[in-house]
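Asker: Given chain A's structure and the hints, the job is docking chain B onto it.
Just so you know, the sequences run in chain order A and B. Taking the numbering used here, the leading residue of the first sequence gets 1, the next gets one more, and so forth. Taking the numbering used here, the leading residue of the second sequence gets 1001, the next gets one more, and so forth.
What the hints contain is simulated information worked out from the structure, not anything from laboratory work. Beta carbons are placed, not taken as given, at the ideal position from N, Cα and C, and that holds for glycine. The reader is advised that the hints may include incorrect statements.
Said to hold, decoys possible - DEER-style ranges, computed between Cβ atoms: (1) A:20 / B:1107: 55 to 61 Å; (2) A:86 / B:1151: 16 to 22 Å; (3) A:113 / B:1291: 43 to 49 Å; (4) B:1172 / A:134: 47 to 53 Å; (5) B:1288 / A:192: 34 to 40 Å; (6) B:1085 / A:162: 43 to 49 Å; (7) B:1288 / A:73: 55 to 61 Å; (8) A:73 / B:1151: 38 to 44 Å; (9) A:93 / B:1105: 50 to 56 Å.
What the hints assert, rightly or not - From the derived model, a few chain A residues whose C-beta atoms are all more than 10 Å from chain B: (10) 61; (11) 148; (12) 181; (13) 277; (14) 287.
This is what each chain is made of:
2 protein chains.
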Amino acid sequence: MSILVVGSVALDDVETPFGAVKGALGGSAVHFSAAASLFGPVQVVGVVGEDYPLEELDFLRERDVDLSGVETARGDSFRWAGRYSHELGAPETLETHLGVFADFRPRIPPAFRAPEILFLGNIDPELQLQVLDQVERPPLVACDTMNFWIEGSREPLMQLLSRVDVVMVNEGEVRQLADEPNLVRAARWILERGPRRVVVKKGEHGALMLDDGGVFFVPGYPLEEVFDPTGAGDAFAGGFLGALAGGELEHPGRLRRAMVLGSVTGSLAVEEFSVSRLARTERAEVAARAREFRRMTHFELEEARPTAAAGGEQAHD
Amino acid sequence: MSILVVGSVALDDVETPFGAVKGALGGSAVHFSAAASLFGPVQVVGVVGEDYPLEELDFLRERDVDLSGVETARGDSFRWAGRYSHELGAPETLETHLGVFADFRPRIPPAFRAPEILFLGNIDPELQLQVLDQVERPPLVACDTMNFWIEGSREPLMQLLSRVDVVMVNEGEVRQLADEPNLVRAARWILERGPRRVVVKKGEHGALMLDDGGVFFVPGYPLEEVFDPTGAGDAFAGGFLGALAGGELEHPGRLRRAMVLGSVTGSLAVEEFSVSRLARTERAEVAARAREFRRMTHFELEEARPTAAAGGEQAHD
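Chain A on its own, in the form it takes in the complex (with noise of 0.2 Å):
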């Protein structure tokens, strides 16, 4: 049993105020590996060119990452180039090249078609469906997508919503899917269509958990330095996903916890250039950032007596 990611391995040329890369690892099938494999096994799916830099993936392959799914094809691999303004909040794209991943269609190696969890990363909804009919339905299944294909492709991204379990997208898109500005209406809006839960992804300001449990929020990690917010998203959802896997999938109390990790993985991902941050991350680092969490967020309704001001829940960071 496994997490199966099915997504785009990219190379991205990346400007923000504080540096440019080029020809970084990039894509969601990558930031969502190197996320999620900080908690167990996973399996990709995806395409590359004939150019793409292989071997700095290894960093996963000691991780228990099974790459035997991504197919190198005749051509060059997907380029992303982009750049972040000062604020660091949506970036603009300076150009897109898609490569070998204009004629990708994901054939799911015979090993990989009973995973635990399958996430499909943000690709064409006919795709994600062609990733659904290959393999036996997953105990989760979860899934993003973008404006794009909310836009364009609405008819087969409605069957998808039928199928999946968590839909796990950023703030714009819910209200975009829903055609609705008020976020727990819009989350409501989808979750009638067959969700059973939607995480909204809200960059900085953290993300929630909607279900008909109700409402699960943790922050975004206030952090002094953001060098890179490309994948911050995806690595959210492997850290998520990664934390939840191996265990009840449905339970309150580990899907918070999930979120919590998830939350910590993807500000880990922004304090470097590309995957750089997540490749180097220890599991204890990610542990003592979800202490960090728990101590940001923790508090008591109950008025602390006086005479208990020398002890318990005293410091606050």
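Answerer: Positioned in the frame of chain A, the structure of chain B alone reads:
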């Protein structure tokens, strides 16, 4: 011992996608008092014109708000007119008519000169300093400000910072004040100028408290209906300081609880136009929503054991 607030007492014309009101109760001192009075006594210093419907503030008097420091001057009341778009973000100001507020010089009545907590609402920092000069140094002084003063009154604002304990501003104002896009570094810049604590209001994204103990984060309440965001920041400040009053002002647990109660009153405030929602709020409702915040944010990092699945922290609604 009481909370003293000095700020504007205004009449607002507000348009939102859901309706419009004209001449509604507004101003920082009014929104603040409507929230703080849910917790204990409040004293208000401000100015109104002869046209102000003071009787509409009776709900505050009934809650132990002393309005004897609100003088009636010859002329028109301060009026603000604004319009919110569908996204309910920052409003477009349609008109600002200062009226008697243009010549406002706060005079603190003798009975108001020894408050436990002083809240300096968003007015000219020169006037905020004049208030400080008229009172015994209260155990806790908090202030708000805005872009207008940050741009045009930097010197008195810096003096003010050196004399207050808590700065309560929104996200953009923190960044503008420190001229630093990173929120954590911007808050640290402010802390180095005197205040012990910065509270950053992020609207629907919640609020952060930063001090030498670290960072505490409280989310916004995920409302299905937001009618009128006007005064939400002052309602947050009122709930925060109201909950702090009457106990240890530096107790980390009490400060965290106060942040939650600020988010509670801020979230209630926006559910109806003007102060209508807070005017009819009962203390039991405040407590109930605070418990919802607890349910919305609580998590445990220890992996839940499968055998515990039927009990304990199960529901997350």
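Asker: So, for every hint listed, does it hold in this structure?
Answerer: Tested hints:
no. : hint                       : in the structure
1   : A:20 / B:1107: 55 to 61 Å  : holds, 58 Å
2   : A:86 / B:1151: 16 to 22 Å  : holds, 19 Å
3   : A:113 / B:1291: 43 to 49 Å : holds, 45 Å
4   : B:1172 / A:134: 47 to 53 Å : holds, 48 Å
5   : B:1288 / A:192: 34 to 40 Å : violated, 27 Å
6   : B:1085 / A:162: 43 to 49 Å : violated, 33 Å
7   : B:1288 / A:73: 55 to 61 Å  : holds, 58 Å
8   : A:73 / B:1151: 38 to 44 Å  : violated, 56 Å
9   : A:93 / B:1105: 50 to 56 Å  : holds, 54 Å
10  : 61                         : holds, 27 Å
11  : 148                        : holds, 22 Å
12  : 181                        : violated, 5 Å
13  : 277                        : holds, 17 Å
14  : 287                        : violated, 8 Å
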